[in-house]
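*Asks:* Use the sequences and the hints to build the structure in full.
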Amino acid sequence: MGEENKATKWEGKAIVEVRGTEEEIVWSVLEDFCNLQKWLPIDSCYKFEGVEGEPGLVRYCASTKKGIVKWFKEKLLTIDHAQRCLSYEIVDNNMGFKNYVAIMKVLPLQTNGGDDANKSVGCMIEWECVCDPIEGWSLQDLHSYIGHFLKCMANKIELAYSNNQT
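The sequence shown: position 116 = 1418 (my numbering), numbered continuously.
Everything labelled a hint here was simulated from the structure, so no lab data went into it.
Keep in mind the model is a prediction, meaning the values are calculated, not measured.
Calculated cross-link-like contacts (lysine-lysine; reagent style BS3-like; alpha-carbon spacing at most 25 Å):
| # | residue 1 | residue 2 |
| --- | --- | --- |
| 1 | LYS1368 | LYS1340 |
| 2 | LYS1367 | LYS1400 |
| 3 | LYS1340 | LYS1377 |
| 4 | LYS1372 | LYS1311 |
| 5 | LYS1377 | LYS1400 |
| 6 | LYS1407 | LYS1340 |
| 7 | LYS1340 | LYS1315 |
| 8 | LYS1372 | LYS1315 |
| 9 | LYS1400 | LYS1372 |
| 10 | LYS1375 | LYS1407 |
| 11 | LYS1349 | LYS1400 |
| 12 | LYS1311 | LYS1407 |
| 13 | LYS1375 | LYS1311 |
| 14 | LYS1407 | LYS1349 |
| 15 | LYS1372 | LYS1458 |
| 16 | LYS1340 | LYS1458 |
*Replies:* As structure tokens, then:
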């Protein structure tokens, strides 16, 4: 862990497939910035300040585990509906994140060609972040953290939407 903490910035990235759910549906989940509790294992998420769907919107998210509340406030920096991506930063938290900025994208599902090459039954979510090293964490801990949350999100989206499409 010694060398990792000397790094100026940590970079994390995770990609997960969402099978059976179209890009538009998955994007509608991501762009609903203040309802994260529906898709991630957290207790609450709500608008703290700003205008829904507009850069500058701040959400407050919290979760309690073993009697300890972990919380963060995240500010929406950009939102691009055409490209299906958004960026946000953690502006305050009690988990040790500093100078954290993330980009989340909904991407077409990669296909291997063939007759179904143009039929994307599903999509991918990409979550990239950059932050200062986190005290008590390794870079692998950061990768595991975002990977875990992204897998939880994909599973909940698949359960909610994959059986409802025609």
